[in-house]
Amino acid sequence: MRQNDAIDKQPPASLTQEAPALVMLATGATWVICAASTAAVIARPLRLPEAIWALLGAALLLLFGLMPAAAALGAVAKGTDVYLFLIGMMLLSETAREQGLFDWVAATAAIHAKGSTSRLFLLVYATGIVTTAFLSNDATAVVLTPAVYAAARKARADPLPLLFACALIANAASFVLPISNPANLVLYGGKMPPLGQWFGSFAVPSIAAIAVTYVALRWVERKRLSGVCENGVERDPLSGGGIAAFGGIAGTAVLLIAMSAFDLRLGLPTCLAGLATTLGVCAFARRSPIALARSVSWSVLPLVAGLFVLVEALDRTGVIGRVADALRAGASEPARSAMLSGTILAFASNLMNNLPAGLVAGTAVAQAHPPRLIVDSLLIGVDLGPNLSITGSLATILWLQAIRREGEDVGFWKFLRVGSLTMVLALAATLGARLLIG
2 MRQNDAIDKQ
12 PPASLTQEAP
22 ALVMLATGAT
32 WVICAASTAA
42 VIARPLRLPE
52 AIWALLGAAL
62 LLLFGLMPAA
72 AALGAVAKGT
82 DVYLFLIGMM
92 LLSETAREQG
102 LFDWVAATAA
112 IHAKGSTSRL
122 FLLVYATGIV
132 TTAFLSNDAT
142 AVVLTPAVYA
152 AARKARADPL
162 PLLFACALIA
172 NAASFVLPIS
182 NPANLVLYGG
192 KMPPLGQWFG
202 SFAVPSIAAI
212 AVTYVALRWV
222 ERKRLSGVCE
232 NGVERDPLSG
242 GGIAAFGGIA
252 GTAVLLIAMS
262 AFDLRLGLPT
272 CLAGLATTLG
282 VCAFARRSPI
292 ALARSVSWSV
302 LPLVAGLFVL
312 VEALDRTGVI
322 GRVADALRAG
332 ASEPARSAML
342 SGTILAFASN
352 LMNNLPAGLV
362 AGTAVAQAHP
372 PRLIVDSLLI
382 GVDLGPNLSI
392 TGSLATILWL
402 QAIRREGEDV
412 GFWKFLRVGS
422 LTMVLALAAT
432 LGARLLIG
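Heads up, this note's numbering is the position in the sequence shown plus 1, with the first residue counted as 1.
It is worth saying that the hints were derived from the structure and are not from the lab. Check each hint, because a few of them may be wrong.
[As the list claims (entries may be wrong)] Okay, derived cross-link-like pairs now, DSSO-like style, lysine-lysine, Cα gap no bigger than 30 Å in a straight line: (1) K415 / K224; (2) K224 / K115; (3) K155 / K415; (4) K155 / K115; (5) K155 / K79; (6) K192 / K79.
Please construct the entire structure, taking both the sequences and the accompanying hints into account.
Quick look at the structure:
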């Protein structure tokens, strides 16, 4: 770590000059506020949006003088590329949803199932892979999930196995491409590895994660998938706006793959592509882009900004420095450290949600500069680990909200029973695949 970086991460001079007891008190208060705020983001007390609790935690840190305003603003600014990426992806997803593209895809899957529930499960799973890879795991949770539920009802199939497929593939396929999960940008600080390096690191592990998750979930839900479903599912023709939305999504995917290949940041191109697609489709379909924009979940942006502030506060107490020290120490045994760090982060993501966990890990990586094998294993842990529980990732929380709107619900223990088998097996296979690559 450079000397200037070390100076920037030191606690304020006024704090270090106080009595050790006051320093410990301030450090403890920071940890309590960050922990309570993160827990509230996960649990959503009073059913208030997650962003409120993240912003409340950030505000308390400023109010009690535990963090200077300049440091908080600097932390928010660090997430600029992530915000731009999310804006573009949310616009693309909402445009596709509004034009019925995902409903058409889900109905197509139900038609091609030809009365087989098992085949319908496979087709939904495959659709989730494509959606996650090219639109992000949040799109699978928010947009594809309601469409799959509607298709299950039309086909008179048990919706739960299909809904679980949406939830688990949203995380299992989230490192197929750099754009597949916002947590990828967070862990790498917005500066993604070149696309060739990405495929070299994650092509085989992605196949392992997707395949093992499918086999494990298929076995867990074997009784629910043993029956037949309705064969004559109706499908409305895809509108011109839906075709245009698909073209915008495909074009955006090609653009982002090219940007990754040239080792360029993804946030601004994603934002511009999403905005251009939205305006173009709305003009073609003669719809108001303002009405569409109102349907976007903009609260995700202040949520992420608040989490950046909380992580910066933790960094100033030295806790992330200790994580960075552990990563440096593990550099002497990269294979062992990769398995250990990836596993720890996978389970930690379920205790504090993978977005703040990824922020902590990403900040520590920026300080420690560990071997690529360790960094890749951390990304696998932060992406795949959330399949253990409903608290693991923002995508899973959004998935839970989506199915509740449809009248379904999955409790913590019910999800854990499925996740404890599927995630653990997939994590072991995926980390093992990454080690075999070297």
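Now the hints, each set against the structure:
Of the pairs offered as hints, the one joining K415 and K224 holds, with about 16 Å between alpha carbons and a cut-off of 30 Å not exceeded. Pair hint K224 plus K115 holds up; C-alpha atoms about 19 Å apart against a cutoff of 30 Å. Taking the CA atoms of K155 and K415, the gap is about 25 Å. The hint holds against a cut of 30 Å. Taking the CA atoms of K155 and K115, the gap is near 13 Å; set against the 30 Å cutoff, the hint holds.
Simply put, K155 and K79 have alpha-carbon atoms about 45 Å apart, too far for the 30 Å limit, and the pair is violated. Simply put, K192 and K79 have alpha-carbon atoms about 11 Å apart, close enough for the 30 Å limit, and the pair holds.
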